[in-house]
Every structure is written in C-alpha cells, then in structure tokens.
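Visitor: Given chain A, work out where chain B with the ligands should sit, using these hints.
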Amino acid sequence: MNPAVVEQLRKIAGRDAVLDRPEDLMLYEYDAGIRKSTPGAVVFPQTTNQVSQIMRLASSAQVPVVARGAGTGLSGGAISREGGIVVAFSRMNRILEIDVENQRAVVQPGVVNLQLSEHVSHLGLYFAPDPSSQKACTIGGNVAENSGGPHTLMYGVTVNHVTGVEVVMPSGEVVHFGGKAAESYGYDMTGFFVGSEGTIGITTAITVKLLRKPEKVATLLAIFETVDDAGQTVSAITAAGITPAALEMLDGWTLRTIEAYCHAGYPLDAGAVLLIELDGLRESVEEHAEAVQAVCLQQKAREVRRAKTEEERALLWKGRKTAFGALGRVSPSYYTQDGVVPRSKIPATLAHIGEVSKKYDLIIGNIFHAGDGNLHPLILFDIRFPDQLERALAASKDILEYCIAVGGSITGEHGVGMEKRDLMPVLFTQEDLDVMAGLRNAFNSENLLNPDKLLPTPRMCREIFGAARNPVLVQEGM
Amino acid sequence: MDSPRGRIYQMVQVDEGRLALSDSFVTHIDRCLGCMNCMTACPSGVPYASLLERARWQIEENYPRPWLGRKLRQHFYAKVLPSFSRLGRHAKLVRFYQRSGLQSLARGTGMLQLLGVAELDALAPRIESDFSFRHLGEVFPAEGTRRGRVALLIGCVGSVAFAELNRATVRVLTKNGIDVHIPKAQSCCGALHLHGGHLEMARVLARQNIDAMLSPEFDAIVTNAAGCGSVMKEYAALLEDDAKYAHRAMQFVAKARDINEYLAGVGLVEPKRKLSQRVTYADPCHLAHAQGIRKAPRELLKAIGAELVEMPRPDTCCGSAGVYNVVQNELSMKILDEKMGYVASVSPQILATANVGCMLQFKAGMKRKGINTRVAHVVELLDEAY
Ligand SMILES: Cc1cc2nc3c(=O)[nH]c(=O)nc-3n(C[C@H](O)[C@H](O)[C@H](O)COP(=O)(O)OP(=O)(O)OC[C@H]3O[C@@H](n4cnc5c(N)ncnc54)[C@H](O)[C@@H]3O)c2cc1C
Ligand code: SF4
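Protein chains in written order, with the numbering used here: chain A, 1 to 478; chain B, 479 to 864.
Note that these hints are calculated values from the structure, not bench results. As the structure is a computational prediction, the values presented were derived from the model and not from experiment. There could be a bad hint or two in this list.
Covered stretches of chain A, going by a simulated chain B footprint (3 or more residues, C-beta under 8 Å) [said to hold, decoys possible]:
no., stretch
1, 18-29
2, 325-337
Reference excerpt, derived from the structure (chain B facing chain A, CB under 8 Å, subset only) [stated by the list, open to error]:
no., residue
3, Gly484
4, Tyr487
5, Pro790
The following residues of chain A were derived to be distant from chain B, with all beta-carbon distances above 12 Å [what the hints assert, rightly or not]:
no., residue
6, Asp99
7, His119
8, Arg343
9, Glu390
All C-beta atoms, glycine included, are put in the ideal place defined by N, C-alpha and C.
Chain A with its partners taken away, still in its complex shape (with noise of 0.2 Å):
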C-alpha cells in the first residue's frame, strides 16, 4: 500500500489505529468463509468524522474500502481486495442511547448483538435479531447481511428492527435515513440500506427496536424416529394455525455431535428433534404450548419435552446455538450451505439430501430454521484432500439446485457476498440485476466501496451456476 496513504491514515484515526504489517494484515485476510485477500491496511476509526475522511481519502486515492464486524461473516463480505482498506469497528462499539420510553436504542455499529440485549436485560427488553453468531457478531455487520436466527420465524430479520442509520457515503458524505419513528415516508432508504452488504454506504451508527421480554416462554424438545416424521411435523404445527416463535430441527447425527459438547440430554438415538419455543402472554402461551404438544405426538413423535427451568431452556438453546461450531470436534472442514424452501417442502427437501449424501459419500448434517424453510446442511470434509473438496462442492451445488427447482432460493441469511454472486442470475433476470446495478452505483459509482461483492459482474451475468468457478461455503473447522 501506498506509504502516504497510510500515513494518511494514521493522521485520521491516530498512530496506533493503523496497522499495515504483514503479519498483522494477515488477520484480516479472512472471514468464517473460506476466501482469503490480505488488505493493504487496517484503520480502527473511532468517531463519524473519522470514517468520513477515510472515505473521502479512499475515494481520492482511488483505493477500495470494505467495512468490516467481527467478521463472523459466511460469504465472504468482510473480505478486501488486495491491497484495500479494511475499516473495522472495533472501537466503535459504545452504545449511545437508550429511550426505554419509545423502544429504541442508538448504537455504534460494532457493539456485539448478544451486548445490546444483556445491556437491556434489567429494563426487561431485548434485541430481537438472535443469529446464532450472536455472542461476536456486531449489529454493523447484522444491519449489512440483513441476519436473521432463530426466533426470525415470528419477530422477522434485522431489517424488522432498525429504524434509522446514519451512514457515510462513499463520497464522505455523512446523511441520516429514518431514525425513531417505526415508519417513514417517502423512499424506505433504512430498508433499502439493510442487507445491502456495505456497498452502499457505511454505517456509523443504528437505531434499533428494543422489545419487552415475553411474559411467559415454554421451550419443547420435540422427539423423533426419523427425519421425515419431524419434516412433517412441522407442516401441521403451521397447519394448526400456531406460529411458534422459534421452530428449529436438528437431525440425529448433529444431535449426538452437539451433544458431546453441551451435555444439554438430547436423546441420543433419536432420528430428529424440533426445538420449539412459544412466547407470550401465559395463558395464551399455556394454551398453545398443549396444542404443539398434540399435533407432535399425533405425528408420531416418541416423546416431547418441556423445559422446567431457565437452566434446561439455555442449555437446550446452547446446544443449537453452538451446533456449527460443535462440528468442528469432528470434522475437518465443512460446508454451511445456507438454501431456503417452501415450508411443505421441507420433508422431500430432506429425502433428497439424503441421497445427496449417499451419491456422493460425504456425510452431511441437518440443522435448520424449520419455520422459515431456511437449510443449514452442513457438508463435512477434509480440505486436505482435493477430491473430498470437490465432491463437497458438487453436493452443494446439487442441493441448491434442488432448492430453487422446488420454488425455493440460494440464500436465507448469510448473505450473497463474494460467495454466491455467481449464482444471482439465476434467480434473477438480467433486466432485475440492471436495475440492482444501477441503484449501487446511484451512491457507489466508482465501485469502490465493498467492490466484487453481492452483484455478479457483467462479464458473468449470464453464465450460470454450472460454469460458476468459485466454492460456495466453505467453512474449515478449527
């Protein structure tokens, strides 16, 4: 990188928030995807003003700038291009404001998402938005991948809950979109903004909805023989005209991996489990928590258990929550495909991943937002071996094919990144990926913010996804 730009740098944000040697930049050089691209350098702005002269300083040096979380991130978005910024918000991690009366909270984009809620606890609110990441992801980098978790079934994504961002543009303008109020008028900028990956603009501070704490939660573990009896099952839930707040499933292979590290008593030789939570008022919570409980057995469930006390709620919630990570205890490397399908197609979705399984003799786990349709399958391989690479590549392409042949779609929640952009056109029409375009570069015109993210380039758009060349997913267990 250019020493002047650094020194640059260092001028902006201060002497020890610029790093640019080597065998520091190869700490940003990566994500929790695969992809790797060491920067040129790395500045830790800690104010607005800083990173709208990093900006204006990019732009006139002509040197691209990506934003970057915790970079927990699974496509590839935190990623730089050679030799580019990386701007990391780190230390831009106060919360700035809590207005209990209204619901809101005015944060920096780097405080971590599980803070804001253990912040808020003891006024009895909460961050809806829970990805499993939540204990290190930054609610910057849930605002730019629009993340979703859990409980998205009945509270929805980020996008649901932010009501106002201040954003510095790439020309080093700073403007507000939105802010308290839930609705504003005119063009949704704030829900334009949200999902936008950061190559729209860089966010430096959030308003958020904080909400109260149900009054009453029930957590059941639903048990099952096989992974179809629960795929139907959570067909009929819906059916039943119940929508639970969270409704995840996990298979009995990830079942028995998970529990070797949480010791949350999943049963061991089940074929599937739901996860199923119910919130609310009691009565109604009480109520509805009976009725899950019927429609399960009646779907041939062998068992369904209910969480006594906070204790066995965390502890069952630990265990999903930790699922990717538990992998890593036994395998390798592994694939987290992240596919999405219509509701009642859940059960042939899971038949046909099976024989995916077999086809290509790598084992893959099932854990997923059952609700929402949104797929985890999780690919295990070992990156040491090219061949195993390969097929786990295949398999995964193989699967989302299936996704969008059944009416479904290649990205719930991790975003499109670096990762999948290959695959929009197939998604969408050429005439749909203009349009895209053009709104990026109504405000990102150079295409130096977040450049080769989100959007194919031109020269791909019509390729699809069986020339696409790069790995989808890719994750290496430690």
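Guide: Then chain B with the ligands, alone, in the frame of chain A:
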C-alpha cells in the same frame, strides 16, 4: 486489537513457516491474559490453553528478549519461585522495603517494573509479617466428628502475601471436621512457569508435588488459589509422556480440588454467625473458565447467609492474570476499570472472589476509584462465620 481467533491463526502461520517469531506475534501472545474465557466459549473444544503454552514455550526458546529482562525472568522462574526459603527472603526484603521510605522513591523511578515486584507493590497490601512456610509439615486435626482428611497446598506467592488466608483456610476446614495436613516436601504448583513458557521446570515441580502429596491417606489435595488448582488439574496432561509419572499424575488430578469445590462437596456444618450483608461474587477466570467452578462459591456464600447479588458479566477477567498487571500494566488497568464499573453497578457491601491475584487487583481497583467496599476471599468470609 487482540482475539483468540487471531492468536490461533498466527500460531498456525508460525507453524507453517509463513510468519516468523516476530515482535507482532510475541506482542499478541504476551497480551493474552490466559483467562480461558475463550475456552468456555468455544464450541469446537479448541484446547487453547495448551496451544498457548506451546506458543509461550516457542517464544522462550527462540525469541531474544532484551537482556536484562531475560536475566531477571530466568532468575525469578528458576531460582526464586521453586525455593520457598528464597521466596521468604525475597518477601522479607519487600517487607523491609515497604516499611522503609524506599517504596515511594522506587515507585517514581519505574525500577519496580523492571524488577517484577511491581505487583507486590502497587497491588499488594502490606505483606503480612508471618508466613505459613513455618507450618510446613504440620497437621491440624479436625474439630468434632471427622469427615475427611486433606493435603493443603499453601502456594508460593500466595503464602507470602496472604499468610492469613492460609490460616483461615485451615480454620474453616478443621471447624468443618476435616484433618488438614501441610506436607513438607511440597513446592510451587508450577503455574507461573507453565504460563511463562518454562515447561521443563513446570514438570519438575509437578513431580515434586505428586511425590509430596499423593497418598491414599488423603481424600483430596486442596488449594485456595484458583491458578494453582487449574494447573494441578493439568498435571496429567503435562506428564503424559513421562512413563514413571503419567499414571500417578492422573491419580493426582482425580484428587485435586479447589477449596470451594471441596467444601461445597462435603457440605458446610451450620455456621455460628450469619453474614447478613449484600455480597457480589466475581468469578476468577482460573476457577470459572479453567475449572468450570461457578456454583460452589455461590452456594457457600448463601450457606452462611450472604445476600447474593449478581453483577453484570461476573466471569469476565479483572485483568490481573498472574503477572499480567505488571507486564501489560496499561491494558490491565483498562480491563480493571471496566470490571469495577460492573461491580459498582450493584453497590455491594462486600466484593467476594476466590483467588488471591484477583483480590490484589480488585483492591487496586477500589483505590483507583476511591471506593472502600470491602474485598474478601470466600474463605475469609467463611472463617468469620465460624
Ligand atoms: C457459527 C456461525 C453461526 C452463524 N449463524 C448465523 C445465523 O443464525 N443467522 C445469520 O443470519 N447469520 C449467521 N452467521 C453469519 C454471520 O454471523 C452474520 O452474517 C453476521 O451478521 C455478520 O456480522 P459480523 O459483525 O461478523 O460482520 P462481518 O463478517 O465482519 O461483515 C459482514 C458484512 O457486513 C459489512 N459490514 C460490517 N460492518 C459494517 C458497517 N459498519 N457498515 C457497512 N457494512 C458493514 C461487511 O462489509 C460485510 O460485507 C453465522 C456465522 C457463524 C460463523
Ligand atoms: S485466554 Fe483470555 S485473553 Fe487469552 S485469548 Fe482466551 S479469552 Fe483472550
């Protein structure tokens, strides 16, 4: 700008030859608190503690530190720590130094940082004038019905700075019907060596302690220092390739207990006095994260009538971390100030913890903030209840 993920990534790069044992690597490893918060959090079960020990060993073996610092480190680890009498002398010197006016003189000059006694200075209360060393070899019989018999590790730095805590430990145990033996041939547990990268020295000490304290006579080998306890529980891993000691190390580990763990296990006899005060408990990292002991101390506090209030994030590190507060003073104080904020938010009458290092750090924290909330070891509070 530090994280376990980054450290592990750098360790891998060092192993693959992509990264030299450079200043950057050493700085990041030096800045690690060794608090093992990351082990608690890690679902993949990455054995960070042993990765860290290995990295520290690589650094000690291959990375040239400045000469004076290196000599002092060697002297402290190889000579002072393993030898109780020498440590006694060292401590007497410190005591003399505290009482004479020299202390304020030296503080101004930064000499202390160099000598590695800064933590005994800014952080330590005045060193108590009587050491438990002279109790080595003694046996304290149980009062009332005998319910058990234990060997007590009296620690090294701990026993110098906190002789009174050892006495309280003995009293609480005997009042609860436990015979307490203080085996004579015991030595330092080896924690500081292990964490400082001196693996071989740590093994020597481990063997010495196994010889001294592993006996069918004892139901348990007890310590009141969380750091010592977690290292005692690592002896099996440390000596796994030692044909002669591997098996005995496993037996030793099976008997090693933190004092809180032991007392909660056998159950307290009815206390004489109730502690009717508002107490908040700070989890020492080496108890909560390294040994998974969180419930026991809380149960003990409740059993003597404390009104227990939980502060936010009670198990985050206080920044003490062995000699961390000396070698990384600035960072350590930042961590401490944040922690003191959590403590203050629940306005306790007593801040209880279960590790000497944390107590020293908290006392320093109270001073910095100008608060005079009492800082006490759980055992100290138990002692007052009997
Ligand atoms: C074990 C594990 C479990 C996961 N579970 C879930 C889950 O349940 N649901 C889910 O949705 N995701 C999940 N993820 C994916 C990931 O955690 C989320 O996408 C998360 O929101 C990323 O946050 P981050 O702070 O790590 O962002 P990063 O990875 O650092 O960045 C992600 C994107 O956000 C952009 N960005 C970051 N900060 C800013 C900013 N201030 N302004 C503009 N752009 C910014 C970056 O440029 C990048 O494009 C999981 C990941 C892991 C490793
Ligand atoms: S031991 Fe503590 S300081 Fe060191 S990496 Fe783990 S969490 Fe961080």
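Visitor: What are the numbers of the hints that this structure violates, sorted from low to high?
Guide: Hint 7 contradicted; others consistent.
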